[in-house]
Amino acid sequence: MGPIPGMLLFIALMAAGYYYNLTFVQFGLLDLGKRLIGLREAEIARCMALLAGLTAGIAVGVGLGMSRRNSRCLLRTRLKLIFCAVVAQAVLTRLAPAVRSETGYLGLVAATALVLGVGVPATFGLTVDLVPVRLRGLAGALITGLAYFPAVAVSPDWNIDQFSAGMLWPMLLGAVALAGLAFLPLRFVDRLAGQHSRPDYGPGRFIQVEPGGRLRLRRGLPTLLVLMFGVFFVDSLGFVRLADTPFFFETAWQSPEPGPRIVIGLAHVIAALVAGVLYSALDEKELFLWIFGIFALVHLMSALTARLPLTGTSPLGMPVLYAVAVSLYTVVNFALWADLSTPETIDRNAALGVALSAWTATFLSTALALQMRLSGVDLETHLRLVDSVALLFFLLVGLLIFFSSGRVVRPDPRVMKGEP
Amino acid sequence: MNRARLSGLFVLAALALGACQPTGAYSGTLVLEGRHNYDSGRTLEGAFIMLDGRVRLERGARVTGPVFLLGGELEVAGRVDGDVSAIGGVLIVGPTADLGGNLRVGGGELDLSPRAEVAGQTLTGAASGARPEDLFPRRSLREGIVRAVISALLLAKYASLAARFFPRSLDRVARAARSEPLAAAAMGLLAGVVGLTLWVVLAFTLILIPVALIGLLIGFLAIGYGWTALGTVLGRTLAGRARSVPQRAFWGTLVFGLVLNLLALLPYVGGLIALTAAAYSLGAVMLTRFGLREFVPAGSRLI
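Sequence order for the protein chains is A and B. Under the numbering used here, the letters of the first sequence match residues 1 to 420, in that order. Under the numbering used here, the letters of the second sequence match residues 1 to 303, in that order.
Don't read these hints as lab results, they were simulated from the structure. Hints may contain errors.
Derived, one-sided and incomplete: chain A residues facing chain B with beta-carbon distance under 10 angstroms [what the hints assert, rightly or not]:
{"no.": "1", "residue": "L39"}
{"no.": "2", "residue": "R205"}
{"no.": "3", "residue": "D283"}
{"no.": "4", "residue": "V298"}
{"no.": "5", "residue": "L300"}
Short derived list, chain A residues pointing at chain B, Cβ under 8 angstroms [as the list claims (entries may be wrong)]:
{"no.": "6", "residue": "L278"}
{"no.": "7", "residue": "S280"}
{"no.": "8", "residue": "A281"}
{"no.": "9", "residue": "W290"}
{"no.": "10", "residue": "V324"}
With beta-carbon atoms standing in for the labels, derived distance ranges [claimed, not checked]:
{"no.": "11", "chain 1": "A", "residue 1": "G107", "chain 2": "B", "residue 2": "T205", "range": "49 to 57 angstroms"}
{"no.": "12", "chain 1": "B", "residue 1": "L265", "chain 2": "A", "residue 2": "P5", "range": "56 to 64 angstroms"}
{"no.": "13", "chain 1": "A", "residue 1": "I262", "chain 2": "B", "residue 2": "D111", "range": "48 to 56 angstroms"}
Where a beta carbon is used, it is the ideal one built from N, C-alpha and C, also for glycine.
Bound-form chain A, shown alone (with noise of 0.2 angstroms):
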């Protein structure tokens, strides 16, 4: 069987799995703890502060299980996971708008939380089986423009209702496929079941095979968990900050006019593309340079921007760039972790990686801007911070580079060409 069956099943899994995080979690939530509840910010950021350290702890947790058991036939008990997670996250989309308590909203948190935390790991382990390694790039360009394409294109509202409305049913509908593919006995699925034990799928990218069939990671995996930690990290500190002055806001991501946001959307999908071609040409550390250099290029172009009277209509090259930057870590962040992992070792390392770096990161910058805000550290000076966080970052990357060059190379061929 050719790659493109298992190729569209995942992308179709994890792009629908990614708008959902990106628009409902990340925003709708956001909208019904301010607007509906009227909570304070302090609030909603010990909120989310729960929702990010639960999800990462219920993650961890699941992982290292899913680990422990060293099941290598999991496709289908995978799937199961995914089929109850969708399930939850359906009777939450459906029941959120109703919710008017804090209390009720401790628990909606808590309970996305704990679907997020089973369902990411069990989403992300099924790369092994799913992707083969040569079109992993491929993979997470087309996730990251399915996903950021209609959340920045088309949804012009970020409020609950808007969200719970237009997803209840594409997840009920979700669900029934995933229903048939988790218990129904079909030949498609065994086949698929059993391809991470070919040397195309199951050892990543950064997996070598030494004589004897050992496998051995070549990738510092802290080191990547630090790199990754400083993308969600600066990204998040500069993000939140932005989404907090209307003028930047209003007049990009959520301008009334369609044309700006489309205009974002497809420089989200064509850095993606880019991202994709580009993740398997560039040594990953030379991605995390441009990564790094384009935010602190973006943070210094919003804060050059802050400096004038911020009325009217701003220029799109710095929404345009940050779009960039936000799409080519993502599609390092969907495929760096399965290249960094054996089926054995998949849902341990991609559980650790999103929720060391990617939840830990988010939590600790939201926190940190709103603590900053709070602590009246004007915009100008917020953005200047951030921008010289992402230079930091961009100087020690560059710095790896530096001294891990010379360090090279002969291929095992058979996995470059995707023989099995």
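Knowing the structure of chain A, use the given hints to seat chain B on it.
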């Protein structure tokens, strides 16, 4: 990198930074938006360019250079030493205004007080030379073809020089472009978008305009170098081993440049073709770092 190249880079960087002095050579004012009042006694050095917003130049205030109005509302009640040109927006020239040059209005609205002093001529419409189409004039097909031939000849000369002095480097760029066309195009697109943004940011600081200009020159040289590499390959195919390497590079690049420049003249798709070719060759040059290293895709490397 050898010592001569390192010294050359150091001298280039020193010259670029040495040019970055607030001597007035690059002074100017750029208004993007917002309300701005320049009071009596205020002097704005150099050109004054306005894209949007509302600006009032009070009586007694002065602009020492020309004024360009592209959008927004500009009210002049003070002194402008140079020409005042408007191609958009609203230009109000008050009774106390004192314009040292011409007043050119090719677009937008003009409210000119009869008591305003204009030392030069007041030109409106096509006669003003300040219409948007004057900035980006349409060329006839014949003019376009002449320009295409001249630029292809220049590129071919550049190719023969590059092939004479850096033949291995050109080979590396050509190999990267041929073996990894998608990676080259993706890298070129990314580098182009980021490079242009960086260029605008550098230019906005005014003091770093020399650095921005050098960056732009390097960008053009890189694109030309990529086209040269592709032209050299074409030359090898067309002429085989019959000619010397610089000659093959010259003739191959001439054919390549002519075809590309003529395709770029096509309506609607011409610009896209030129942009794609530029991104593709810039990417190949970047992947090989101007041909200084062989490009091996990371996906096929092991530590």
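Right, here's what the structure says about each hint:
1. L39: violated, 35 angstroms
2. R205: A/R205 check passes; min Cβ-Cβ to chain B is 6 angstroms, inside 10 angstroms.
3. D283: Since the shortest Cβ distance to chain B is 4 angstroms, the answer is holds.
4. V298: A/V298 check passes; min Cβ-Cβ to chain B is 9 angstroms, inside 10 angstroms.
5. L300: holds, 6 angstroms
6. L278: A/L278 check passes; min Cβ-Cβ to chain B is 5 angstroms, inside 8 angstroms.
7. S280: Nearest chain B Cβ about 4 angstroms off; hint holds.
8. A281: holds, 4 angstroms
9. W290: Constraint on A/W290 satisfied, holds at 7 angstroms.
10. V324: For A/V324, the interface hint holds, since the closest Cβ of chain B sits about 7 angstroms away, which is under 8 angstroms.
11. A/G107 <-> B/T205: 49 to 57 angstroms: Given about 52 angstroms between the Cβ atoms, the range holds.
12. B/L265 <-> A/P5: 56 to 64 angstroms: With Cβ atoms ~45 angstroms apart, the hint is violated.
13. A/I262 <-> B/D111: 48 to 56 angstroms: Hint violated: Cβ distance 37 angstroms, outside 48 to 56 angstroms.
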